[in-house]
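Residue-level listing of the chains:
Protein chains: 6
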Amino acid sequence: MNNLLIERIIENALIEDMPFGDITTDSIFTGDETSEAVFMAKEEGVIAGLFVAEMVFKKIDGGICFEKISSEGEIVTAGTIIAKVSGKSASLLKGERVALNLLQRMCGIATKTRGFAEKLESSGAVIADTRKTTPGLRILEKYAVRTGGGTNHRFSLSDAVMIKDNHIKAAGGIKSAVEKVRKGIPHTTTIEVETSNLSEVSEAVEAGADIIMLDNMDRETIIKAVAIIGKKASVEVSGNVTENNILDKAIEGIDIISSGALTHSVKAMDISMKFI
Amino acid sequence: MNNLLIERIIENALIEDMPFGDITTDSIFTGDETSEAVFMAKEEGVIAGLFVAEMVFKKIDGGICFEKISSEGEIVTAGTIIAKVSGKSASLLKGERVALNLLQRMCGIATKTRGFAEKLESSGAVIADTRKTTPGLRILEKYAVRTGGGTNHRFSLSDAVMIKDNHIKAAGGIKSAVEKVRKGIPHTTTIEVETSNLSEVSEAVEAGADIIMLDNMDRETIIKAVAIIGKKASVEVSGNVTENNILDKAIEGIDIISSGALTHSVKAMDISMKFI
Amino acid sequence: MNNLLIERIIENALIEDMPFGDITTDSIFTGDETSEAVFMAKEEGVIAGLFVAEMVFKKIDGGICFEKISSEGEIVTAGTIIAKVSGKSASLLKGERVALNLLQRMCGIATKTRGFAEKLESSGAVIADTRKTTPGLRILEKYAVRTGGGTNHRFSLSDAVMIKDNHIKAAGGIKSAVEKVRKGIPHTTTIEVETSNLSEVSEAVEAGADIIMLDNMDRETIIKAVAIIGKKASVEVSGNVTENNILDKAIEGIDIISSGALTHSVKAMDISMKFI
Amino acid sequence: MNNLLIERIIENALIEDMPFGDITTDSIFTGDETSEAVFMAKEEGVIAGLFVAEMVFKKIDGGICFEKISSEGEIVTAGTIIAKVSGKSASLLKGERVALNLLQRMCGIATKTRGFAEKLESSGAVIADTRKTTPGLRILEKYAVRTGGGTNHRFSLSDAVMIKDNHIKAAGGIKSAVEKVRKGIPHTTTIEVETSNLSEVSEAVEAGADIIMLDNMDRETIIKAVAIIGKKASVEVSGNVTENNILDKAIEGIDIISSGALTHSVKAMDISMKFI
Amino acid sequence: MNNLLIERIIENALIEDMPFGDITTDSIFTGDETSEAVFMAKEEGVIAGLFVAEMVFKKIDGGICFEKISSEGEIVTAGTIIAKVSGKSASLLKGERVALNLLQRMCGIATKTRGFAEKLESSGAVIADTRKTTPGLRILEKYAVRTGGGTNHRFSLSDAVMIKDNHIKAAGGIKSAVEKVRKGIPHTTTIEVETSNLSEVSEAVEAGADIIMLDNMDRETIIKAVAIIGKKASVEVSGNVTENNILDKAIEGIDIISSGALTHSVKAMDISMKFI
Amino acid sequence: MNNLLIERIIENALIEDMPFGDITTDSIFTGDETSEAVFMAKEEGVIAGLFVAEMVFKKIDGGICFEKISSEGEIVTAGTIIAKVSGKSASLLKGERVALNLLQRMCGIATKTRGFAEKLESSGAVIADTRKTTPGLRILEKYAVRTGGGTNHRFSLSDAVMIKDNHIKAAGGIKSAVEKVRKGIPHTTTIEVETSNLSEVSEAVEAGADIIMLDNMDRETIIKAVAIIGKKASVEVSGNVTENNILDKAIEGIDIISSGALTHSVKAMDISMKFI
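Going down the list, the sequences are from chains A, B, C, D, E and F. So for the first sequence, numbering that gives the first Met the number 0 puts the first residue at 0; every next one is plus one. So for the second sequence, numbering that gives the first Met the number 0 puts the first residue at 0; every next one is plus one. So for the third sequence, numbering that gives the first Met the number 0 puts the first residue at 0; every next one is plus one. So for the fourth sequence, numbering that gives the first Met the number 0 puts the first residue at 0; every next one is plus one. So for the fifth sequence, numbering that gives the first Met the number 0 puts the first residue at 0; every next one is plus one. So for the sixth sequence, numbering that gives the first Met the number 0 puts the first residue at 0; every next one is plus one.
Worth flagging that the hints you see were computed from the coordinates, not collected in a lab. Any given hint might turn out to be false.
When chains are identical, the list treats them as one kind, so a pair holds in a single copy or across two.
What the hints assert, rightly or not - In silico SDA-like pairs for lysine to any residue, Cα to Cα no more than 20 Å straight-line:
(1) K182 <-> M0
(2) K174 <-> D60
(3) K168 <-> D31
(4) K87 <-> D60
(5) K57 <-> K168
(6) K67 <-> G252
(7) K182 <-> D209
(8) K118 <-> N243
(9) K57 <-> T241
(10) K118 <-> K182
(11) K273 <-> D60
(12) K273 <-> E202
(13) K87 <-> G62
(14) K273 <-> G238
(15) K57 <-> A260
(16) K163 <-> D214
(17) K67 <-> G238
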């Protein structure tokens, strides 16, 4: 991870939440009072981001002590104390909401990912995220996916190629698109082609795509596509993946199943911070 | 709204998504090609944030033309074309994901809010959000709540007072807490006290709280609390509010029902951008 | 307070003052010399912002030791040593001007505020600031006003409503303006209406304004306005308030007297930093 | 000037004043209304910064039209309309306060400077500012001083050398300090030495200082110092300069009289923005 | 490319070069004068970055007109006019140095790259850059390498894996390192292993590396390594590559030859901006 | 120096190099491993910027220990260990490239400068840099020039005047240009006039220029120019200065010889960071 980026996220969040300070706390506390609080999971889930919560408090007050009790990726049950935090009461109160907002979202993503990942355990496929992340939080959300047992798709438009229909049209065909791209990109970079039917799949194989995405295909078409590809490329399945239908798509020969919902439609994990 | 803040959000999002450019598009397009695309709702929902999507494209390329077809707050059905965008193909492709990530989240929030708001229509209460927003996106998420028919709770720790149990403990009681705060805050600012039982409610009334929050109380206790308050303060109900149980809490005398889930646990509305 | 914001102010100020370093100090000092210096008040005044001066030095050099001798809000006489600072000479010299520029301005504001506040001591009114603060320094200037015994008016355009003549015209009357606003704002937010004559005062009362500002009214009109309002709203007097005329305006029934001059026309308190 | 810096100042100021938008204006205006307003001087003064006011509105809304009527440096009387602004009402209301806060301060500085400058007109000296400017606004305040007929002292610690007592002590004398500095700085840079008595003046002359500051000396000592310097360096007088005593210090042979009060203790010029 | 990033680079550069404006130009020009100037190559070289020079002037003054005469990647001879620029004289003077500093460096990199690329023309290898770029300018320098006929190595530590000796030691061998990495990275990402002898080459092949770097090997070892690899991975040669020795290293079977000198040791191309 | 600026440079560089973390290191290291590494000069050169390398590591990880062995300005031979660094292996690997990129460039500049400076040792002239620095790194590059034994020319367009042909044309002659400038600039600022022939030199002397630059003149013309100037101004020679021809230009009476190549065409000094 790059902590400097995470610190920027936290700094922006704290300024967003306190453009002129915490008027309640600043009016009541002298600044000398100290407290201790616990973070408790109020439902079962996967822990991700305790170090981010810690960074929130440290950003406000270097003297805060944050003790992680659960470890990243751990599945905890309702009632588990996952961390303790102590120090100046005013600092704890100022950081509480931002710390929870980040932590609950990250745990929510990890938990959702784990649900998908567990379904795939006996298959050869892994669950992957997409670029459908919350603007500004991608580094944290991609981390949460990994922590929940998923794998990351490309981080951004800069680190891998995804050739879609508009690129294909502009280039005059899949082969031409792949060729043009190959010339312009680092030799370290792979090329994925998004296909929506079997003839495109064939073209993508011939064009030498490194990864072929089968977009919104039904089970039978997926099976045929895998046969056409014949291990000449990695195979990714995408489109309307849910916990219910994921096993249908986890056909032998599929390497990756990707789902935007891992990050764009998340239930925050219920976690409380209680002063003790 | 403050567009300067929204432009910062967008700029950060685009840099996050293209730390070294869009290597696919940059390799294939000459930069002269133009396209037109439509934004289509793929499920029913409430539109919020088309102007943000427009700003994303304009930030990349001032020459992009974005035509809003649906209006903010409009309920659209699956299949509705909500906006058109045209201009340089490369610019459209570079902005697509960030525009959708923001728009789908905002529409998701508006849609969820509307669901709650409709339930409350014949009650005297309104649905309100909380500070449980996505770090960095609060200004957009609070807007989406309003667009969906909800009302906003305080924007931040700076613009209203919320006295919670830790403040009360530190101050030595609700009355003392309210008094201390009253001295330190603008005369334009209101004081809300969070209560968890009826004796606290009584104390809050005596202390002159402007708003009293009934936190996690059952229906019967809420009814008694309303009676105790007797219109001497606004009354807010909070804690585990769902679409299913919200009418139970919308007792006469309740002014506001607040729910963090409006913003922390949102299903992105399904919207596609299709080139035509 | 939100220290992250104050650190940004300080960082910008130090970069403004040293775009390429302190060429005098960097040429003469080896970096190993240490010194001690005192901050001395050279005239009577109210201390505000010693912690900001401390933050300036710490930003340059974490090893600087800053000892506050006076406390915030204390009235000191000419000759009082209000703080001591010690550490690397070069760091002290680099921070001196920025620390003093901030401290002297904050003490100047606190001192001016105290002058107004003392006049009002036996009245029921308090002196309040406005949004006429120095761009970029509002959080510090509002703090200085509080430290000098004043109260803050709204922090920004976001945290309270002030309906002025243009809003009234656009809305088609005070009543309509208040109604429109009430729908769009958090339930935690109050509405103030600016009035310039008694009929507007009456309208504002009827519209249910929380606070009514009497703008530039003479003493007799103020008295009548107070009678009209009859405790149904808080009453604020504004317009050309000076230390000389403030008692004339502090009529019974007036809650707040606000003055932009507290922050827009300030004499910096004379404070020196002397090496010893 | 460097407009990019001024745009940063303005952007920060507008975000400071609207962390979550202008809730009054956003609730009342549809966004289509347009208005026209005039900026009127309500007292005599020197105009400085109309272009900054213009930039504030343009930053909010590129469609605003701002017409400067007075010119920079012009002395206007009470009642003069100095600029007109027209466009969307909501944009005008959002920019009003920040535009005025900057403009009134800049005009205040220009006006104060002109008062000092006029006193010096028949002398050989000019009035200069110092580094005692408002943190974050130095580029604007130094401009206002020039517009009022003053000259600027160094802009920052980077662009000219000022050797003070602590530098002298550390270097072991004025001569040694000047020599050390001369080696470390650009050949384009001048060296000023601050002196507090005649023997230091002599030393500074011998050391080859380009400018010698006579700090807090009485009239007689100043006269002797000028004689000692004998045109071998520029001569600056500093310390407790007021409009009343400035002519006393403007002895023949003095080139510059500097005063921190030009920027640290300023009365904002009274200017209103009225909708018409 | 991502223009938002380039605009940040330019904005920082202009603020660096004008912390308080261009005091020469601001003192002489009224602001109304206009001029025309030409950019002329004063030596042979490859053009890269004219659009960046254009952005510099547009950032200062939207009214500047910049006409590109040469095209990106074009080889021009001494004396060629590569662009014309016209508009306000003051704006042209303020942008001149920053525009040239960026343009000359980019053309210098493109020219150097072309020299290497031409040597490799009849080989099967391409010349690639490294991460040894100027901090803050990587996006521009990588573009210049492409424009000069080179290919890019990975953009950053985030977009491709490079396993070096320290990683190997920590992981307990190449195989283990590759396995650990494979689990943690996007499926779109390739793995390169840096090897310094033939046994490491064998290990890397067995571990399934996508790319194998032969670091600082002599010609004979390279030949043996290529044989061992046997097309099972891409082959990169690195270490002390110069225009003189590059053909020695361009052995059949080598895909990429990388050189840090393309960006870390560059002669700026001599280009002047002359007013006409 | 102003460390806050250097920290911004470093922060940007680290974010540029790790937009989503170091995927190799993050996959292999647990975070607990520690290492020690040495920085070794692999060729002779002048050390400049070890403190910057230290700041890079500290920015990533406050627990890193960095021990400088060589001192700034020291000439080291190939094989010299110039610094040691120890701490968490992952932190060392993440900082390595950025630290080296900055350090190698700074040492390269210092080394090149020293080459020029040594040639001038027995002359009365000193070697100076220009504004032809790498955008964003000027503060570091100017420091490296000083460390190599050179002197700095003006830092920016704000801290000294340089009147060039376009200014002269616009002002209507050198005399008029100097006069106009003198009125607009701080009294602490010097004026340099760029001349290209002897009549311009004469004019510049008459106009009272503080420094006269002889631009691209041949040896004989330079000799005549020096005679014309007759010590009435500092004399700077500029234009196509190389290590070979510099002594030709170092005529008696010349004070400064400036060369853009010191910073715009630099060979990075070869320095390695090796884990031990």
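- Item | Hints violated by the structure (numbers, ascending) | 2, 5, 6, 9, 12, 15 and 17
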